[in-house]
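With the hints as constraints, model all of the structure from the sequences given.
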Amino acid sequence: MGKQQHSNLLQGTLDLLILKALALGELHGLGISRRVEQMTRGTFQVKPGSLFPALHRMEEAGWLSSRWGESENNRKAKFYELTKAGKSQLGAEKSEWDRISVAIQCALES
Amino acid sequence: MKRIGWLWRNLFQRRTVEHDLNEEIDSYIEMLAEEKIAAGMPVEAAWRAAKVELGSAESVKEAVRSVSAGILLRQFMQDLQYAIRTLKAQPGFLIVSVITIGVGIGINGGIFSILNSLLLRPVPARESGELVSMYQQLSGANKHDYIGGLFRFSAHEYEAYKDQNQVFTGLAAYHPELIVQVNEDAQETVGQAVSCNYFNVLEPVMALGRGFAKEECSKRNASDLVVLSNDYWRRAFGGDPAIVGRRLRMNRVPVTVIGVAAPGFAGTDLVPASFWAPLSMMKSLSGGMKGVDFESAGVSWLELVGRRRSGVSLGEIEANLAVIAKSIDHREPGRSTTLTVSEATLLGAPNIRKGVMGAGAGLLIAVGLVLLIACANLANLMLARSIARAKEIAMRMALGASRSRVVRQLVTESVLVAALGGVLGVAIACWSGAVLFRFVQGHLPPGAPPVQLAIHADWRVVGYAFSLTLLTGVAFGLMPALRATRPDLNALLKQEGAGLTTGGQRGGFSGVLVGGQVALCMVLLLTSGLMVRALLRAQTVDPGFTMRNVAVLSYDLGRAGYSDGQARAFNASLMERLKGLPGVDGIVAAVGSPLGDRHFMSVFRVDKRPEQGASYLEVSPGFFSLLQIPLVRGRDFSNADGARGAKYLIVSESMARTLWPGEEPLGKMVEYGPQKSTWEVIGVARDAEVGELGENNRRFVYLPPDPADELRMQVVMVHYQGDFGSLSNALGSTVKVLDPGLRVRLAKLEDNLGPYQAISRLTAGAAGILGFSALALAMTGLYGTVAYGVSRRTKEIGLRLALGARAGNVLSLLLQRAMRPVATGAAVGVVLCAAVSRVLAGLLFGVSPHDAVTFTAVPVLLVGIALLAAWLPARRAMGVDPAVTLREN
Chain A
869 MGKQQHSNLL QGTLDLLILK ALALGELHGL GISRRVEQMT RGTFQVKPGS LFPALHRMEE
929 AGWLSSRWGE SENNRKAKFY ELTKAGKSQL GAEKSEWDRI SVAIQCALES
Chain X
283 MKRIGWLWRN LFQRRTVEHD LNEEIDSYIE MLAEEKIAAG MPVEAAWRAA KVELGSAESV
343 KEAVRSVSAG ILLRQFMQDL QYAIRTLKAQ PGFLIVSVIT IGVGIGINGG IFSILNSLLL
403 RPVPARESGE LVSMYQQLSG ANKHDYIGGL FRFSAHEYEA YKDQNQVFTG LAAYHPELIV
463 QVNEDAQETV GQAVSCNYFN VLEPVMALGR GFAKEECSKR NASDLVVLSN DYWRRAFGGD
523 PAIVGRRLRM NRVPVTVIGV AAPGFAGTDL VPASFWAPLS MMKSLSGGMK GVDFESAGVS
583 WLELVGRRRS GVSLGEIEAN LAVIAKSIDH REPGRSTTLT VSEATLLGAP NIRKGVMGAG
643 AGLLIAVGLV LLIACANLAN LMLARSIARA KEIAMRMALG ASRSRVVRQL VTESVLVAAL
703 GGVLGVAIAC WSGAVLFRFV QGHLPPGAPP VQLAIHADWR VVGYAFSLTL LTGVAFGLMP
763 ALRATRPDLN ALLKQEGAGL TTGGQRGGFS GVLVGGQVAL CMVLLLTSGL MVRALLRAQT
823 VDPGFTMRNV AVLSYDLGRA GYSDGQARAF NASLMERLKG LPGVDGIVAA VGSPLGDRHF
883 MSVFRVDKRP EQGASYLEVS PGFFSLLQIP LVRGRDFSNA DGARGAKYLI VSESMARTLW
943 PGEEPLGKMV EYGPQKSTWE VIGVARDAEV GELGENNRRF VYLPPDPADE LRMQVVMVHY
1003 QGDFGSLSNA LGSTVKVLDP GLRVRLAKLE DNLGPYQAIS RLTAGAAGIL GFSALALAMT
1063 GLYGTVAYGV SRRTKEIGLR LALGARAGNV LSLLLQRAMR PVATGAAVGV VLCAAVSRVL
1123 AGLLFGVSPH DAVTFTAVPV LLVGIALLAA WLPARRAMGV DPAVTLREN
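As given, the protein sequences belong to chains A and X, one line each in that order.
With the first sequence counted from 1, adding 868 to any position gets you our numbering.
With the second sequence counted from 1, adding 282 to any position gets you our numbering.
No lab work stands behind these hints, which were simulated from the structure alone.
In this text the structure is predicted, and so the values were computed from the model without any measurement.
Glycine included, C-beta positions come from ideal geometry on N, C-alpha and C.
Any given hint could be a false lead.
[Claimed, not checked] Some chain A residues judged to face chain X by a derived CB distance under 8 Å, without partners named:
(1) Glu-928
(2) Asn-942
(3) Lys-946
The following block contains the structure:
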């Protein structure tokens, strides 16, 4: 993977990214990590040390549900999926993020 | 809720949860490795790289665990398991700690359970939470008689509150001290005079018959009826089922029994009532108080208890009653009433409540101090253990456990010890209250009221013991835990045992513990010292009058049904006969004896100046010479004065100084009595403690007997020569001749000191026990600290000795170090006690709260014992053989 360009994940952004990553369908841990990387064009890399606590926290909060399944290589893997609450949480976090980014944009342009 | 499901899963399906987590991480690594292999990496290298990328699998798992639900609870469970394991390995420590805490909490809880029964628990009655008692405090009121307490109400006031309030479904009044002779019983029986609605308000269940009906106690058609308590009915009448309708004689007045209360109800007072009679019978049953006009607005004698309407708060009751109080005040210029309203408890009267609360709080504080000293010992033990476990603690912290996590774990351990102690404590508290109370009752003087109190532990007692347990656990666990987990622990470890002179950090902390223990111990010991001095004084007191060779004969003719005229004839012939007895050389009749159980208070006014309250006694001529109280000015009363009906009085020196500072008191006029008549001062007596022992207030007034109220004369003092035994026989048979059925009491005047001695014996005993347990605990702590210090410094001491230090020097160095916190603690204790000992003044019978003897002897004793406690272990250090220690090194 060579040289890594890493940005610190903003507080609260991780949840949003994970929710967004799962919006298209269920994924396992590594899949989520890769999807986030791909979505952010390599800007964000989610390390297992923050990924797994976040997944478990969000699952306990009722935003995600999980099941054991088979990976593309027939490995046993735990798959995560958005729940109904997770979908509405994604909407809420998205509009909150829009609000903040507009505000920051305004601040920088003024 | 979903959360609960997760909590449940995380706590109780731990194995599945952990298994899942492991699988998840494993599959992550596998997939990562496969990804790398697919990208062309060799298998070995791919696996290694994947593992490196993951980092520590354990810390990822820990991070997951720390965000999952119930983490705190789970950690607590872990701590608990760990604590149990640790404690199991040290049974000695566990047993000592549990017993110490258990006994401490048990005695604390026991005392609390007594106070709880007296002050907090509602009276035993139906729906007792609805019962409200009220008391009043008056200023500027035109009252001339308070019977049984300054907080009571007159019949007028009762009627006003009863008829005008909107907050009670009923308001009852009662007089709790109706003492009568039933039939020809030798024993007196205590009952209550109660308003007619009493049984409607308190609603006791009746075992037989009924309570009073409304019309049975109005003045016009008063009938002589009584209701008996269940206990008395069984005791005196063997539970006779045909008791209702039976006629009894009370104070020789015939009465009819109309009912018997069910077991468990004996009124709302501390002294259980054996019977209840209507208020209208007060006059005929009150014996010597026959002359009192109970209907008068100037006589306060009733206690009030009401049942509140549902949903009415105490505040609303207070507001409503205050309006009525205002309208009563309005009718009497200058009068103002302050009402106290509270849920009815066995001890309601505000002054007694305050006294009991004060004494109780003092006792709880004292016992609490002993518990605190014990806690300090345990803290010291914990500290020593945590130092011994320093390596383990350092390891845990090095492995990344946060300080708060380690502290929490250590405190869990101490709270667990405390909790075990607490369980033992609650068990002890459940019976120690009753045992203590019975002990105290057993040591009260014979004349004390027959108080009955059911003491049992309820939720308040258990709650109190529980919070005390928690507090104890944190108190003795937290400080050592914080100390043991200090960030500079490593530095501390290196320093440990470094030297006698460069004081180890631990020495500093345990020094504070020892100093604190000594200070608390000093306070307790000084207190008990003062109490012992008070006891000695009560034993050898000179009250200012002679008590030797004076016998006191007391009787209540009113109770025996005498009229005023009959009483006068009886008294006259009794005096005549007594004079003729061999060995008798002086006789004086009076309303009461000095320091006796009858107290008389009234107000005296000079000119238009504010009224002056003082105790008084009505005495016949000859009183002063019989008791050898010198008259410093003027003269004694004479029989001729009495015959003329002259209004003369004699005052004590203090009273004279108060009323006429710097003036000649003889011939001055004083206004006194219900009729506000004017009395002339004819004599001044030397101050003596006639009213109360140990009071600083010696203002006292002597009055001649009231010729219109012969029934008040209930005491004859007889000065005799020779043997009391033969005199008492002669006195007894003399009375028998005049009235064979009359109940008389015969005692020496010295016996009046009994109650005072009993009080100081009890307080001195309690203070002594507490003081010496505190001393024992504190000295054990000191001994332990010094012994521990010595054992840690054996090497260094050996080295010093080997290098030529003299044993004496090393010993004195050790002692100096040990005694420094003791001296500081002792000084703090003395100052602390001197600052608060004034609150004991009422129990000291005139011994100064800063009594020089106590304040010298106790510190000397304490410091001496401390020196011994430090010397014993320090001396062992001198037995160190330099050769052995050096070789060991």
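Each hint tested on the structure:
1. Glu-928: The hint holds - A/Glu-928 has a Cβ within 8 Å of chain X, the shortest such distance being about 5 Å.
2. Asn-942: Given a least distance of 11 Å, the restraint on A/Asn-942 is violated.
3. Lys-946: holds (5 Å)
Hint check: a violation occurs at hint 2 only; the rest are consistent with the structure.
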